[in-house]
Amino acid sequence: MRSVHAFLRWREASIIVVAVLLVAYFQVTNSNFLTTANLQTLSQYIAPWAIIACGEIMLLICGEIDLSVGQVFALAPFVMHFGVTAGIPLVIALILALVASALIGLVNGAITVSLGVPSFVTTLGMFYLVNGITLTISGGSPVNTPGSPGFAFVMGEGGYAEFIWALVVVALMHVLLRHTRWGLHTLATGGNLVGAAESGINTGRLKVGNFIITSVLGGFVGILEAFRIGSTDPLAGGSNVMFLAVAAGVIGGTALAGGAGTIFGGLVGAIVLGVLRDGFTLEGINAFTFDIIIGAGILLAMLSNIYLGRLRTLGARA
Amino acid sequence: MTEILRAENIVKRFGQVTALEGVSLHVEAGKILGILGDNGAGKSTLMKIITGFHQPTAGRLVIGGEPVVLRSVDHARALGIECVYQDLALIGGLSIFHNLFLNREITHRGPVRLLNNRAMRRLARDRLEEIGVNIPSIDVEVERLSGGQRQAIAVARAVHGASRILLLDEPLAAMGAREAGAIIDLIMRLKTRGDLAIVMIMHNYAQTLDIADRIMLMQRGRVTYERESAATSVAELMEIVRREYRAMRSVQ
Amino acid sequence: MTHDDGHDVARRTMLGGAAAGGALALLAGARSAQAADAGPFPAHKRWKLVFVNHVTTNPFFVPTQYGIHDACALLGCDYQWTGSQTSDAAEMVNAMNAAIASKADAIAVCIVDPRAFNGPTERALAAGIPVFAYNADAPTGSGNKRLAYIGQDLYQSGYQMGTRIAGMIDSGLVAIFIATPGQLNIQPRFDGAKAAIAKSGKKITLQMIATGPTVNEELNAIHAFYLGHQDVKGMFAVDAGSTQGVAETMRTYGLAKKGVKAGGYDLLPRTLELIDQGFLDFTIDQQPYIQGSYTVMEMFTFLVSGGLVGPAEINTGLKFVTKGNVTPYLQSKTRYEGNSASPQIVVLKGPIVG
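Chains as they are written, first to last, in the numbering used here: chain F, 127 to 444; chain E, -6 to 245; chain X, 4 to 357.
Careful, some of the hints might be misleading.
Per label pair, the in silico range of CB-to-CB distance [stated by the list, open to error]:
id : chain 1 : residue 1 : chain 2 : residue 2 : range
1  : E       : 124       : F       : 146       : 41 to 49 Å
2  : E       : 127       : F       : 132       : 26 to 34 Å
3  : X       : 76        : F       : 146       : 45 to 53 Å
4  : F       : 208       : X       : 318       : 14 to 22 Å
5  : F       : 132       : E       : 166       : 37 to 45 Å
6  : X       : 45        : F       : 132       : 30 to 38 Å
7  : F       : 242       : X       : 175       : 21 to 29 Å
8  : X       : 175       : F       : 330       : 42 to 50 Å
Cut-off 16 Å, straight-line C-alpha distance, at most; resulting in silico cross-link-like pairs (EDC-like, lysine to aspartate or glutamate) [as the list claims (entries may be wrong)]:
id : chain 1 : residue 1 : chain 2 : residue 2
9  : X       : 148       : X       : 125
10 : E       : 41        : F       : 324
11 : X       : 51        : F       : 409
12 : X       : 106       : F       : 409
13 : E       : 184       : E       : 203
If you want the ones that stay clear, here's a sample from chain F, every Cβ over 10 Å from chain E, calculated [stated by the list, open to error]:
id : residue
14 : 132
15 : 214
16 : 263
17 : 300
18 : 310
No lab work stands behind these hints, which were simulated from the structure alone. Glycine is no exception: its CB is placed at the ideal position from the N, C-alpha and C atoms.
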């Protein structure tokens, strides 16, 4: 019983319970759910949202948000493609694509911090700007993703490759948030901006850094997905992947208002969303009713999470 | 008595507004200076200049006998000048020990400097014991503490081995009698250390005269009255203030 | 992980979790697998046919869904209509993978990307699941191993449109609007039109304009183009949404009277109205109803014969609808055109005109 108590003290406890219940529900209604084939499909749903959630969580904690990350997702593989067609070796082209993503994050951060534009507005503008750039340089046409089969396999084409990358990113970002000064100062900036500044923390540099991290993660995921399906597509990513990543973070326990958050919770949130999506697809729900069901499912998962979370805090106060 | 802090004719202008019109003060080690005055008198601005948050438009600061130009808050802290602001600059969601070490965290050695939470916890406990602050657990988030406890943490953060000057902005604001008593005890304990010069901005005249060795009254950017606490009284101070706003009313 | 002081929350957490779980159970409802009706076939389980589409909520595919539904009802099968709303190939790949994992009995997919679907198709075939392409096919030499394609011969239809355009316009600027360039269900039409126009030798300057995958943004894009190029001689489109947009633009600016020619694809209700009113010269019917129902037929025949009856390519045809023959389309509201949900039989009166 003591280990149960210890588990329940985690902020992520309630959403983990919800995730387990969902998995149980889908396995009961469709015995194909916990098969190797489906677990692999499920992992491919989860990975992109989990990775981008790591970045969005850092931004949400320090009081900002990035709406443009889904567009960087689409742009980065094209930068890599044009690098390769220009004769640059693939690995260098990939790094260049990540550098380009970082630059977009830098601009997002600079405008938000130096000009005092709310990040919602800054990144909304960047959303359209990057979308336009992607469509223009691609001519609207998809292209084949380059790369030797071995390289492609490691970089996303292999069944669990993307999920393994996701676990690596989640682990690194968890350490960043919980065990480094950067993470602590991010929490401080979100919790009390004036107080953090008065303590001498460079809150501007911190925010810009987190914008850069988010954009690089977005570009990285776009590249992983481009390798996974073998095609680099200007219509990939978009606002949907961004919303789901933010939702994963919030469902996992990161406050939209800032000041608190959990990277591990973001992974669990992404798992909940992936289980909902994959589970209902497996059951054969049709596209028209699909969004109704998914929306209701997310609301229910969120309500359960909040309810269980309240029980936890009540228990703590008792 | 070693004079630790001296400010000479500090002037501060923000654009067209003059917040300070030539303010001077001095504090010795082991002594407490109380600064009184209405809102807008310039007390907080003066404080922020001494902590390095603002640069004075004119005038100079002398710390421990040496004239100093403070470049930043970090520079001031390096010289042993610490401040506890009215908003306490505490991060509610973080633990006591993380707050105590904010921006001065202890890290492990290595390529990636990871936080050394164990060392910070240990040192936090020691520090709180040293200055006699009683908190059940240093892992508790600061937002869960009472107002008095949080003030104590904020003071504990400001006070450490190398501190020479401690500035407190309204340390007893919004506190009930019992909690105020605990903070007053804490401040007096710090005074008996003998090496700290303490400057307090206060509102409550009676409390100030009890705690401070010397008081200074500021009105509209100037020092209008300065006296040893023992040599003045609440009545006298009130009379000076009354004179001031009677004069203002008759102008209208 | 983050820690808090905890006490006896275990019991309450479990109760709370059970309540949430109960609510979830109510949500989906049970699906029972029934045996299908007999008829000439021995009793078989209701086969699950998964249709993966690139624009699941686009009105063009409503008749396709009716076609699938009707054929499944006839043959005792179940279907799932899934995929992406925004032509997102990755989403469609995920949907195919989910279908394979759920052990679907057959899969049909619009192959709108030259490479993304090769892997999933091979995996499905390796798992014994037949894969068909409908509405959009992989280009020759792409390596995709789908068993058959049911849909319009896209390049040919474009070529015929191009020939018609060259017949209507002698010279000048002609714009062809395309929702998402490069996408395999519409790009070949443009390529065909371009080839036909080039072959005609007429001095036509052809421009390809991208309009976007949703009807609203398509209209805005076309308006914007016209206002920037008011000397255009012809505006044509290769997909349903852009065609409707062209027709609306022709009407808004009274372009038919100015001698501008226009035409496109597919029979969205508004498009038909505007043809009748004389604002659009023609539209091409690719008969989406049979893209659904014939695909189901192919899947069923394959499953019922264990693959002995091989899959065959089906060209769902190309038909020019103009002001001259649009009336019956306007007067009927049927499932077959997608503008009515009620089951019905349309009685043909009089001789059949070619």
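| task | Take the C-beta atom of residue 242(F) and the C-beta atom of residue 175(X), compute their distance, and say whether it sits inside 21 to 29 Å. | result | violated, 52 Å
| task | Verify the proposed pairing of residue 41(E) with residue 324(F), using a straight-line Cα cut of 16 Å. | result | With Cα atoms ~10 Å apart, residue 41(E) and residue 324(F) stay inside 16 Å; holds.
| field | Agreement of residue 106(X) and residue 409(F) with the hint, judged by alpha carbon distance not exceeding 16 Å | value | Status holds; Cα separation ~11 Å.
| field | chain E versus residue 300(F) - minimum CB to CB distance exceeding 10 Å, so not interface | value | holds, 12 Å
| said: Verify the CB-CB distance for residue 208(F) and residue 318(X) against the hinted window 14 to 22 Å. | reply: At roughly 38 Å between Cβ atoms, residue 318(X) and residue 208(F) fall outside 14 to 22 Å, so the hint is violated.
| said: For the hint 45 to 53 Å, verify it against the beta carbon of residue 76(X) and that of residue 146(F). | reply: Violated, since residue 76(X) and residue 146(F) (Cβ atoms, about 39 Å apart) do not stay within the stated range.
| field | Distance restraint hint 26 to 34 Å, applied to the beta-carbon atoms of residue 127(E) and residue 132(F) | value | holds, 27 Å
| said: If we take the beta carbon of residue 214(F), is the closest beta carbon in chain E still more than 10 Å away? | reply: holds, 30 Å
| field | Satisfaction of hint between residue 203(E) and residue 184(E), Cα-Cα up to 16 Å | value | holds, 13 Å
| task | Just double-check residue 310(F) for me: nearest Cβ-Cβ distance to chain E has to come out over 10 Å. | result | Violated, since 6 Å does not exceed 10 Å.
| request: Check the following: the C-beta atoms of residue 124(E) and residue 146(F) are separated by a distance inside 41 to 49 Å. | output: Check passed, 47 Å falls within 41 to 49 Å.
| said: Verify this label for me: residue 132(F) is non-interface relative to chain E, using a Cβ-Cβ cutoff of 10 Å. | reply: holds, 14 Å
Checked against the numbered hints given earlier, this structure breaks hints 3, 4, 6, 7, 8, 18; the rest are met.
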